[in-house]
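Colleague: Sequence:
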Amino acid sequence: MGCPEILTSRLRLRPHHRHDLSAAIRLWTDPIVTKHTLGRASTRQEVWSRILRYAGHWALMGFGYWVVEEKVSGDFVGEIGFAEFMRDMTPNIEGLPELGWALLPAFHGKGYATEAVGAAIHWGVENLSAKSIVCIIHPQNTASVRLAEKCGFDLRETARLGEEPTLLWQRELS
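With this note's numbering, you'll find the sequence shown wraps up at 304, consecutive numbering, no jumps.
Careful: at least some of the hints might be erroneous.
Straight-line alpha carbon distances no greater than 20 Å define the calculated SDA-like cross-link-like pairs of lysine to any residue that follow [to be verified]:
no., residue 1, residue 2
1, K201, R140
2, K280, F237
3, K201, P145
4, K201, E245
5, K280, R301
6, K201, P235
7, K201, H149
8, K201, I136
9, K165, L234
10, K201, K261
11, K165, G230
12, K165, G248
13, K201, E135
14, K201, S262
15, K201, T138
16, K201, G239
17, K261, R286
18, K240, S203
19, K165, G292
20, K280, E294
21, K240, G204
22, K261, G292
23, K261, A273
24, K261, Q300
25, K261, G248
26, K280, T296
27, K240, A273
28, K280, E302
29, K261, S304
30, K280, F215
31, K201, A273
Okay, the calculated beta carbon distance ranges per label pair [unchecked claim]:
no., residue 1, residue 2, range
32, K201, A273, 21 to 29 Å
33, K201, N222, 34 to 42 Å
34, S304, M191, 18 to 26 Å
35, L182, E224, 17 to 25 Å
36, T220, L151, 29 to 37 Å
37, S304, T138, 15 to 23 Å
38, S259, R217, 16 to 24 Å
39, R217, E279, 21 to 29 Å
40, G282, W178, 30 to 38 Å
For the record, the hints were derived by calculation from the structure and aren't laboratory data. Just so we're clear, the structure is a prediction, and the values are computed from it rather than from any experiment. Cβ atoms here follow ideal geometry from the backbone N, Cα and C, with glycine treated the same way.
Turn these sequences into a full structure, and let the hints guide you.
Modeller: In structure tokens form, the structure reads like this:
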């Protein structure tokens with residue numbers, strides 16, 4: 131399955147393209163974005179590998195990540211999608227699509243994350259074979275915690291991602 135385009139009232143969720151590299155580098159080197167995700171800025175090579183991994187998810191798993199852009203301006207807002215990262219995590223979440231999102235700070239506070247997450251969940255209800263999805267959120271990322279709650283996720287437990295605690299959220303797709 132290829133990556134479908136999804137339109138919302140203000141956003142376009144679309145496949146990644148080669149020309150998205152510079153915008154994705156801006157996203158994954160922004161200290162506000164990386165504070166509660168990676169904990170450090172990504173290198174150009176790491177960002178490129180991430181884009182390739184997203185494309186590979188669509189080819190191998192039938193789901194993956196989208197670029198989020200404003201419909202009117204075409205501006206790159208961020209990325210959202212489902213993945214199977216085979217994480218070194220307790221409890222093990224393999225087999226449950228993991229929803230993740232990251233938006234450039236210039237677009238925070240506009241409701242774009244809620245709109246994009248809602249669109250991705252709607253796509254998941256229609257297209258994923260899994261009965262539920264998960265997301266993991268750093269305990270101090272209060273904005274993403276609020277977003278997960280708003281979008282119907284329930285806190286399952288405090289999990290371990292490697293040696294670090296992370297909040298494991300789950301949502302049914304019915």
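Colleague: Please go over all the hints and tell whether each is borne out by the structure.
Modeller: Going down the list of hints, with the structure as the test:
1. K201 to R140: With Cα atoms ~6 Å apart, K201 and R140 stay inside 20 Å; holds.
2. K280 to F237: 18 Å, holds
3. K201 to P145: 14 Å, holds
4. K201 to E245: Judged against 20 Å, a Cα distance of about 13 Å means the pair holds.
5. K280 to R301: Between K280 and R301 the Cα gap is close to 11 Å, so the pair holds against 20 Å.
6. K201 to P235: Status holds; Cα separation ~18 Å.
7. K201 to H149: 17 Å, holds
8. K201 to I136: 11 Å, holds
9. K165 to L234: Cα-Cα ~13 Å, so holds.
10. K201 to K261: 31 Å, violated
11. K165 to G230: Distance of about 15 Å is within 20 Å: holds.
12. K165 to G248: 24 Å, violated
13. K201 to E135: Holds, because 12 Å separates the two Cα atoms, which is no more than 20 Å.
14. K201 to S262: Measuring from Cα to Cα gives roughly 29 Å; hence the hint is violated.
15. K201 to T138: 8 Å, holds
16. K201 to G239: 17 Å, holds
17. K261 to R286: 15 Å, holds
18. K240 to S203: 15 Å, holds
19. K165 to G292: 17 Å, holds
20. K280 to E294: At roughly 25 Å apart (the allowed maximum being 20 Å), E294 and K280 break the hint.
21. K240 to G204: Holds: K240 and G204 sit about 16 Å apart, inside 20 Å.
22. K261 to G292: Roughly 26 Å separates the two Cα atoms, so the pair is violated.
23. K261 to A273: 26 Å, violated
24. K261 to Q300: 10 Å, holds
25. K261 to G248: 17 Å, holds
26. K280 to T296: Cα-Cα ~19 Å, so holds.
27. K240 to A273: 12 Å, holds
28. K280 to E302: 14 Å, holds
29. K261 to S304: Given that 20 Å is the threshold and the Cα spacing comes to 7 Å, the pair holds.
30. K280 to F215: Violated - the C-alpha atoms of F215 and K280 are around 24 Å apart, more than 20 Å.
31. K201 to A273: Distance ~24 Å between K201 and A273 Cα, so the pair is violated.
32. K201 to A273: 21 to 29 Å: 23 Å, holds
33. K201 to N222: 34 to 42 Å: Given a distance of about 38 Å, which is inside 34 to 42 Å, the answer is holds.
34. S304 to M191: 18 to 26 Å: 21 Å, holds
35. L182 to E224: 17 to 25 Å: 21 Å, holds
36. T220 to L151: 29 to 37 Å: Holds, at about 34 Å.
37. S304 to T138: 15 to 23 Å: 22 Å, holds
38. S259 to R217: 16 to 24 Å: 20 Å, holds
39. R217 to E279: 21 to 29 Å: Holds: the Cβ-Cβ distance is about 22 Å, inside 21 to 29 Å.
40. G282 to W178: 30 to 38 Å: 33 Å, holds
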